[in-house]
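Quick mapping for you: the protein sequence lines, in order, are chains A and Y. Numbering that gives the first Met the number 0 applies: residue 0 is where the first sequence begins, and numbers increase by one. Numbering that gives the first Met the number 0 applies: residue 0 is where the second sequence begins, and numbers increase by one.
In short, the hints are calculated from the structure, not lab data.
It does not matter which identical chain is meant; a pair holds if it fits inside one copy or across any two.
Calculated cross-link-like contacts (lysine to aspartate or glutamate; reagent style EDC-like; alpha-carbon spacing at most 16 Å):
#1 Lys20 with Asp4
#2 Lys15 with Asp4
#3 Lys305 with Asp328
#4 Lys124 with Asp114
There are 2 protein chains.
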Amino acid sequence: MQNFDYQTPTRLIFGKGVIEKLPEVMAAIGKRVLLTYGAGSIKKIGLYDKVLELLKDFEITELPGIQPNPKYDPSVLDGVRLCKENHIDVILSVGGGSVLDCSKAIAAGAMYDGDPWDLISYKVKAKAALPIVDILTLATTGSEYDCGGVISRTETNDKIGYIDPLLYPVCSFLDPTYTFTVSKKQTAAGCADAMNHIMEQYFVEDASLLNDGFCEAGLKSLMINTKACLANPNDYRARAEMMFACTLGCNGIYALGNSPSGWPCHGIEHALSAYYDITHGEGLAIITPRWMKFILSDKTVDRFVKYGVNVFGIDPGMDKYEIANKAIDMTYHFFEEIGIPMHLRDVGIGEERIGEMAHHIAVNEGLDHAFVPLTEKDIAEILTASL
Amino acid sequence: MQNFDYQTPTRLIFGKGVIEKLPEVMAAIGKRVLLTYGAGSIKKIGLYDKVLELLKDFEITELPGIQPNPKYDPSVLDGVRLCKENHIDVILSVGGGSVLDCSKAIAAGAMYDGDPWDLISYKVKAKAALPIVDILTLATTGSEYDCGGVISRTETNDKIGYIDPLLYPVCSFLDPTYTFTVSKKQTAAGCADAMNHIMEQYFVEDASLLNDGFCEAGLKSLMINTKACLANPNDYRARAEMMFACTLGCNGIYALGNSPSGWPCHGIEHALSAYYDITHGEGLAIITPRWMKFILSDKTVDRFVKYGVNVFGIDPGMDKYEIANKAIDMTYHFFEEIGIPMHLRDVGIGEERIGEMAHHIAVNEGLDHAFVPLTEKDIAEILTASL
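Construct all of the structure, not just a fragment, from the sequences and the given hints.
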């Protein structure tokens, strides 16, 4: 086990109807609220009206229209400006991981005098950030229980994971009923994203028995419950279990004391969605089995055997490579079965920019230090195999 | 899944040599320190000198001699008095769970004007508590990552679990090397305590797939790593994995959203160690399999089947009751194998006070609301079967 230094101060309020506690939680933080949200699905499900009704005694400034793969310009910049102009005390993010990621960058930018990109690009370390409360409407990123956010800058094709302990939400409201209306496409993509979060922590050189068991439980829970959500979108128990497994995805609990992995699939996928603005979870589902095939070797095969036996129930008596390859195939087929397009061409990505993306990834993502180190050529090969 | 409201603000600093960060952590909290510890094992392993050297710029007041099953009188009362007399800013607990539990009660008592028993007995809710930092030397209770402590009051045979969110340690230093010198007896008892913490969360009516997987991983990790620690007390990896699995035991992560269990084995054992001052983990190991046999029924058998198959690898094709009984027997034999005396008589408890203890438990522990409700007669039967 490696040394670690771990703290997750966020309060999780989980379950049906918990939003009634919102005014009490908000009142303890501040009165002037920046309400951030996306394309308006929160209006369709009545959540927008509910929030305004509960916060009728607060001063609300709105930042709507935050997109998936949230953009530095205009969303982060607009949010920072609104916070400064209106002396905002607290940001209330209502939506999925993109809205929350964007809100985190705004929270830091609002307390900084210069260009917020200085912070996101790690040129300057934030000294403070506005407090954030969130109401989650999509189970996937785990942003509600971590201190990171991913921000895209279109003109430079940058997609940066901005991480700072100042960015833990103060409180996350997790009501699984808000995810009943999430489409099959987004439910499946959310599952793939959350599963990949766990895989990025599972495929490492040094892991504890406990962490392996946690990761295997997370993966199995996500697979079983996602299928149940797709079969019956209003299945409370399945939506709840899926939400909870996603929430734990990025806060470290699945991998405390494990050696680092470098998060290679995320490193590769960030370029895909920066260049082509595809759905992050779909990009991950496409990359993951190709990356697995690529890194399978005598060094890694035992890890794949453990994965195959404990997650997919493959017979441990089989040949090691047979188990490993079967596990990778079962990963692929699971994603296919839940309806994810499994080729880059299916999501509008051809071979034209593979070289350019591989170069961008090699320069920016540090995958030469991944569990299995990846060169620019390796990355191009994984991308080509994903076409 | 049940609704839940969860927050664990404690910072965990884990691994070999992490104590070097102590001055930095302490300096951010305060200068006047109450140093609490037990019988002096921290002097034998050099930790006492190390702490004093690291904190040479702090004002240290000492409270030594805190016993296992820590006592209200004198330890809590002395600690509260020392805090008030010396205007203590922060308590530094160096030792195992008993020292830390005692420190928590002191932390609350120090900020209260009346008799600290008012707080521990829930007559009065604490409004504040001193901050606590701890350096752990024994893997077992999980007190380093929860907000509870168990305090004994000898004259009334009370042993109360005092829980308040104010009592989360600010920071827990977890260096597995400090547990190298823990005796075989205490290592085994620590394992039994930690395993029972998980079982108390696993044997419930409603549990998520994720929690079941977490609990099963925790139990398996504890069993494998405890055996490794007993075989080689200086096995860093085994000590580290054991410490980490114990740390997560009582902070809720093993059972978020599960229905409550009532912690029946702890309820019963608290009377044993209150009346006879036995080692808590040994009492739990003795009670657990008898309690299991007692509650095995058509209502609970499926839970025992899951436990037997997933924790002990019992063939799922066998008859349900056969699996359940085998799982209970394997639990018993595991405790026996790691050297725990498995009869109450072995730890000096005869049948003389069973009626009295059963009555005390029935009145004070609320086990009529446990996973399987227990009456005074039931409790007496479990105790008698444990003789």
